[in-house]
Amino acid sequence: MHEYSMTVSLVNAVLREAKKKNSKKVLEVHLSVGSLSLLAHEQLKFWYKVLGKGTILEGSNLRISVEEGEVECEDCGYKGPIRYEERLYDHLFFPTVSCPRCGSFVKVVKGRECIIKSIKMVI
Amino acid sequence: MREVIVAEEGEILDVELSENLLKMNEELASKNRELLKKHGIKSVEIMGSIGSGKTSLIAEMVKRLKEKYRIGFIAGDLTTTIDSDRISKNGVDVVQINTGKECHLDANLVMKALERLDLEALDLLFIENVGNLICPAEFRLGSEKRVVVVSITEGPFMVVKHPFIFMEADVAVINKIDLAEAMGIEVSKLEKDALTINPRIKVVKTNCRTGGGIPKVIEALGL
Ligand SMILES: Nc1nc2c(ncn2[C@@H]2O[C@H](COP(=O)(O)OP(=O)(O)OP(=O)(O)O)[C@@H](O)[C@H]2O)c(=O)[nH]1
Ligand SMILES: [Mg+2]
Ligand SMILES: [Zn+2]
Chain A
479 MHEYSMTVSL
489 VNAVLREAKK
499 KNSKKVLEVH
509 LSVGSLSLLA
519 HEQLKFWYKV
529 LGKGTILEGS
539 NLRISVEEGE
549 VECEDCGYKG
559 PIRYEERLYD
569 HLFFPTVSCP
579 RCGSFVKVVK
589 GRECIIKSIK
599 MVI
Chain B
1025 MREVIVAEEG
1035 EILDVELSEN
1045 LLKMNEELAS
1055 KNRELLKKHG
1065 IKSVEIMGSI
1075 GSGKTSLIAE
1085 MVKRLKEKYR
1095 IGFIAGDLTT
1105 TIDSDRISKN
1115 GVDVVQINTG
1125 KECHLDANLV
1135 MKALERLDLE
1145 ALDLLFIENV
1155 GNLICPAEFR
1165 LGSEKRVVVV
1175 SITEGPFMVV
1185 KHPFIFMEAD
1195 VAVINKIDLA
1205 EAMGIEVSKL
1215 EKDALTINPR
1225 IKVVKTNCRT
1235 GGGIPKVIEA
1245 LGL
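One line per chain: the protein sequences are A and B, in this order.
Count along the first sequence from 1, add 478, and you get the number used in my numbering.
Count along the second sequence from 1, add 1024, and you get the number used in my numbering.
Just chain A, with the same shape it has in the complex (with noise of 0.2 Å):
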């Protein structure tokens, strides 16, 4: 739901970084979102499209690929993919911070994030 605002940042750090290199068209912008945040892809697309429009964005593609979620267990030491739940009875599929090896409480160390990896311009 708040794909909106963080395309804003996202159209605003772009428009930035081709200014400084005198660019007068951006053709891509790679964006990495983490498979534990909660930005929709289609979305974040949709509003690339409509806040580009007009500027040198209009007409670039974004593209995002996804970043798994990575935990690190305090108790015995476990690091690597988060564990899912799966409830094939109900059709159900979710993230847990439950450590696949102990049944700890996990930390989310990758996976959250929301990052600008690249941009490709005209100069």
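No lab work stands behind these hints, which were simulated from the structure alone.
Note that the structure is predicted; figures quoted are calculated from it, not measured.
Do not take every clue at face value.
As the list claims (entries may be wrong) - As a list, the in silico DSS-like pairs of lysine-lysine whose alpha-carbon atoms are at most 25 Å apart:
(1) B:1090 - A:585
(2) B:1047 - A:499
(3) A:523 - A:595
(4) B:1061 - A:585
(5) B:1066 - B:1090
(6) B:1055 - A:588
(7) A:588 - B:1047
(8) A:557 - B:1087
(9) B:1087 - A:585
(10) B:1226 - A:585
(11) A:497 - B:1047
(12) A:498 - B:1047
(13) A:588 - B:1169
(14) B:1216 - B:1226
(15) B:1061 - A:527
(16) A:585 - A:503
(17) A:497 - A:595
(18) A:502 - A:598
(19) A:527 - B:1047
(20) B:1066 - B:1229
(21) A:531 - A:588
(22) B:1090 - A:523
(23) A:588 - B:1090
(24) B:1169 - A:585
Unchecked claim - Some chain A residues flagged as far from chain B (calculated, every beta-carbon gap over 10 Å):
(25) 487
(26) 536
(27) 537
(28) 541
(29) 546
(30) 567
Note that CB positions come from ideal geometry on N, CA and C, so glycine has one too.
Assemble chain B with the ligands onto chain A, guided by the hints.
What follows is chain B with the ligands alone, placed relative to chain A:
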């Protein structure tokens, strides 16, 4: 002859970056946390869906804690001041943040609200987030503890449909247990779901109309 080398017109440049758009909020949240800590203020954020009982829970806690602490309240609401009026009746210092169309509070809005409170005159701060089980999970405000309130009337899948907020919270309050029978909901299942998502979360069942379970919430928050 002088040779001038210029970038060819239309050359394509790939600029590498590593800018986290959510980082700004995280940094401001840390600042809020430090500021509150510096003034020795305990702080609790209350999240939860619309109408789940966030304000009722705060009102019940204030009733029991107002002799022990000097309490402040930051109320996030889309447009109205109804919730802040309900709490300010109890002699609580209130700042209202109208978020307009935003679906959640963020650390920057809370920072502005903190500027309007006399922090020297407070020991405990409650922050009510906008009714929403999704976005607040993403934006930490800087409070010491986070509570999520869900109510029985939201159905049996409320918890598992919103894992992110339960991953984030320290305490889960299952409210309106007086309606469990009428709704045909097994409260123990909701409790189990919350613990499956987050083995460290403390689950408390409440009836905020009668005050049932409130002392347990206070205990779970270490107040
Ligand atoms: N039956 C029952 N009703 C409750 C309980 N707790 C709160 N309510 C009622 O639920 C309604 C909403 O309560 P609020 O405390 O305003 O909920 P809220 O989450 O602050 O609502 P918003 O801020 O509008 O999202 C009110 O009419 C309360 O009286 C409860 O434990 N049982
Ligand atoms: Mg309220
Ligand atoms: Zn472990």
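Right, here's what the structure says about each hint:
| no. | hint | result |
| --- | --- | --- |
| 1 | B:1090 - A:585 | violated (34 Å) |
| 2 | B:1047 - A:499 | holds (24 Å) |
| 3 | A:523 - A:595 | holds (16 Å) |
| 4 | B:1061 - A:585 | holds (22 Å) |
| 5 | B:1066 - B:1090 | holds (14 Å) |
| 6 | B:1055 - A:588 | holds (22 Å) |
| 7 | A:588 - B:1047 | holds (13 Å) |
| 8 | A:557 - B:1087 | violated (44 Å) |
| 9 | B:1087 - A:585 | violated (35 Å) |
| 10 | B:1226 - A:585 | holds (17 Å) |
| 11 | A:497 - B:1047 | holds (22 Å) |
| 12 | A:498 - B:1047 | holds (22 Å) |
| 13 | A:588 - B:1169 | holds (22 Å) |
| 14 | B:1216 - B:1226 | holds (11 Å) |
| 15 | B:1061 - A:527 | violated (42 Å) |
| 16 | A:585 - A:503 | violated (41 Å) |
| 17 | A:497 - A:595 | holds (17 Å) |
| 18 | A:502 - A:598 | holds (12 Å) |
| 19 | A:527 - B:1047 | holds (24 Å) |
| 20 | B:1066 - B:1229 | holds (23 Å) |
| 21 | A:531 - A:588 | violated (33 Å) |
| 22 | B:1090 - A:523 | violated (48 Å) |
| 23 | A:588 - B:1090 | violated (40 Å) |
| 24 | B:1169 - A:585 | holds (16 Å) |
| 25 | 487 | violated (5 Å) |
| 26 | 536 | holds (17 Å) |
| 27 | 537 | holds (15 Å) |
| 28 | 541 | holds (12 Å) |
| 29 | 546 | holds (15 Å) |
| 30 | 567 | holds (12 Å) |
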